[in-house]
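Peer 1: The primary structure of each chain is shown beneath.
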Amino acid sequence: MENRLNLSRPRKRPEYGKAAVYAILVLGCAITLAPFLWMFLTSMKTQVEAVSIPPSILPRNWRLDAYTTLPEKLPFFRMYWNTILTSLIIVAGQLLFCSLAGYAFARIHFPGRGFLFVLCLSVLMIPSSFLILPQYLIIQKMGLLNTLTAIYLPNLFSAFGTFLMRQFFMSIPLELEDAARIDGCGHGRTYARIMLPLIKPGLVSLGVLTLRFAWNSLMWPMIVNTEKSKMTLSAGLSYLQGQYITDYPSIMAGALLATIPLIIVYAIFQRQFIEGIALTGIK
Amino acid sequence: MTGKVRITRQKRIDWAWGYGMILPLLAGLGLFYFYPVFRVFRDSLYNVGAFNRSSWAGLGNFSRMFQDSTMWRSLGNTMMYAVIIIPLTVIFALILAALLNTNIRGRDVFRVIYFIPTVTMSAAISMVWRWIFNGDFGILNHLVKALGGTPQYWLSSESTVLLCISVVSVWMGVGYNMIILLAGIQGISSTYYEAAELEGAGKIQQFLKITIPLVTPTLFFVVITTVISTLQIFDVIYMMIPTKSIAMTYAQSIVMYFYRNAFEYSAKGYASAIAVLLFVIIMLLTLIQMWFQKKWVHYD
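Taken in order, these protein sequences are the chains called X and P.
At position 68 of the first sequence the residue is numbered 54 (our numbering), and the sequence of numbers has no breaks.
Numbers given in our numbering equal positions in the second sequence, counted from 1, plus 915.
I should point out that these hints are in silico values taken from the structure, not numbers from a laboratory.
All values derive from a computational prediction rather than experimental measurement.
Treat the hints with care, since some could be wrong.
Claimed, not checked - Pairs of lysine to any residue residues, derived as SDA-like cross-links and limited to a Cα-Cα distance of at most 25 Å, are as follows:
(1) X:Lys127 <-> P:Trp971
(2) P:Lys1159 <-> P:Tyr1180
(3) P:Lys1060 <-> X:Glu35
Bound conformation, chain P alone:
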């Protein structure tokens, strides 16, 4: 009898410790994550103006959103960013990871260098790129001239601005993904390569037939995180394109447009509706990828 009482007492102590240890986290997540989720959905149904005075709008914000050509333009731009940035980042990262997995000299030095953009403040490096792309005095135009090309106003012309921002984003994103992929590649058992070597498979063949299939779980992780971060592209655009510039129309992402509505135009209800749309898009894309992974991701 006494034994049973002791167990319950121990259990109670366990419970107290368990709840006590997760309490700070849950309180923080509750206030700054769960409540905000509810709040965004609520606000998207209201007109929230200056001084946060709100009035019921029903689905007004959403119907306005679907008729808003700037919103569609931003959404289109964001999809263009996704189409350009995601494959380039992942492919470059994968190639570099594979090259760094060979036993060449100086690979630690290469690894360290490639990782530097990852620890660089995106605001700072975007300013550098903006200066490089500068139409009047930028070094890129001097280079183009020296090679016999025509200088461009890279960051203010419709045809180049989105591409420039994509280049910078890829430049910033490759190192991070390379490190994760390299770890994945290093986890592949060397026996596969030894067997392939015996069968006379070349390096490129080994890369295509062994490395890629076996690294797909890591690749999947990298693709998911790159999709999520690219759909929320903001820093580079904000730092490289002046908000008043006409080029902003051609560069503006959905998060940029959200930001301007929320904090420049003080249209917080409308901004919330845009946030809901972004949330739904990211959710859908992630679900599609989860479903689609069965087709290409190999778990042993």
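With the rest of the complex left out, here is chain X:
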């Protein structure tokens, strides 16, 4: 068997294989990065240059006009602030509520626990766009349209996050908790002092996923807030594109400024991001 395999399939010379792998990977990188490069180059041009034929690849004069005039076109700093604030509240809310519930589901025995957990899980099967209309009607009824509260309120609660937190809590040995119990710790202190520090990778994982979701989401912020001063960046970009349809440098400058913060956060917490997302597939 071994011999036959060897005869029918002589082993490839590794050099060729390796070169091919590199070629594919580098090509993939080029395709991945090209739009970002084009976004940056366009944002440094004047509008006239951006639509010139034949086109210039590099700007003839590097200009920051598209950036400096952006605040005249829409309240960009305000939108930044709105996005940062709502994203942080959503992340904090999910970490708190999901870890609390996750701990209870993993570690405390109470009647109806199994049923309530399955009930929570059932939320996972509901497509998010299915819920958006009634969620809008609820927010409207609460008189919260055009407020920042509208953006974060429904997103503070996550069935997925609860499931993830529960998985992490379950992976911690029971002995640790028993020891805490003997030392006289109640559930509150066990949760806050002993268990939370132990599931830090889980919290980071949920945190980065939630941040990515909150920072980038488009449909929900767009429908609940139509006032410019209450918009998040993604909704603001949609407005910018609608109003200044041919001002390509400005649009690209806006796109770049909206994307940069999360890319910087990613550059810093690169490992946590990647591991965080990898964990969701394993847990």
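Since the structure of chain X is already known, use the hints to place chain P on it.
Peer 2: Same frame as chain X, but now just chain P:
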């Protein structure tokens, strides 16, 4: 006797903590998830017009839906997106994950770069792609011209618009799935590969005979999540195609059509009926996949 009383007291404390800790979550899910589910089904049976005044419609919204050619068109488009985007995303992600699992130099750099689209705001990057695809001044057309081809109005012609949106979606989705698959591949015990190496199996053979079968549980997860997200495709279409454009007909997904009914035409009852249809489709597809997984997913 006293011991028994103490236990019950401890139990009561446990229960209080248990319910107390899940209460905020359940309240939130109840208000923003469970009630809305009920509400969508209810609203789908009503005509909900301006100012949310509603009147009983019975199955009117549904019978209207089944006769609505725009709805069918949107559903067809959505299925086309699924057929194009899901396999391409999963296959590219799997290939890249496998390549990054080899011990080549610079793999951490590659991994970081491939992941960037995942942390990029879809609204922002869709605008960039729209500019790239621009029929008059877009860089793609210049490239096509330079290579001797004919420039196209990519985003306004019936034959290309759906494809362009699919390309952007694949571009955005590969990195995320690659990371999950890479973690799955790294979980495969190296003894399998060592044994294969001894038997003289080549790298490609190892990929087909070891990596793919053993990564199927992760692959299953990736396929399920990609199906669900692709069936709800919205951001890219919304940001790349003007709603008034004729091309919207050829690009519009079911969620896009839902959105327009709910928030542009203020036909909230009808929009709810579309939402119910989407829900049923996603449910059915997920169930089919769950059932079908026995045929191809290998759990040790």
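Peer 1: With reference to the structure, classify each hint as holding or not holding.
Peer 2: Do the hints match the structure? See the list:
1. X:Lys127 <-> P:Trp971: holds (21 Å)
2. P:Lys1159 <-> P:Tyr1180: holds (13 Å)
3. P:Lys1060 <-> X:Glu35: holds (19 Å)
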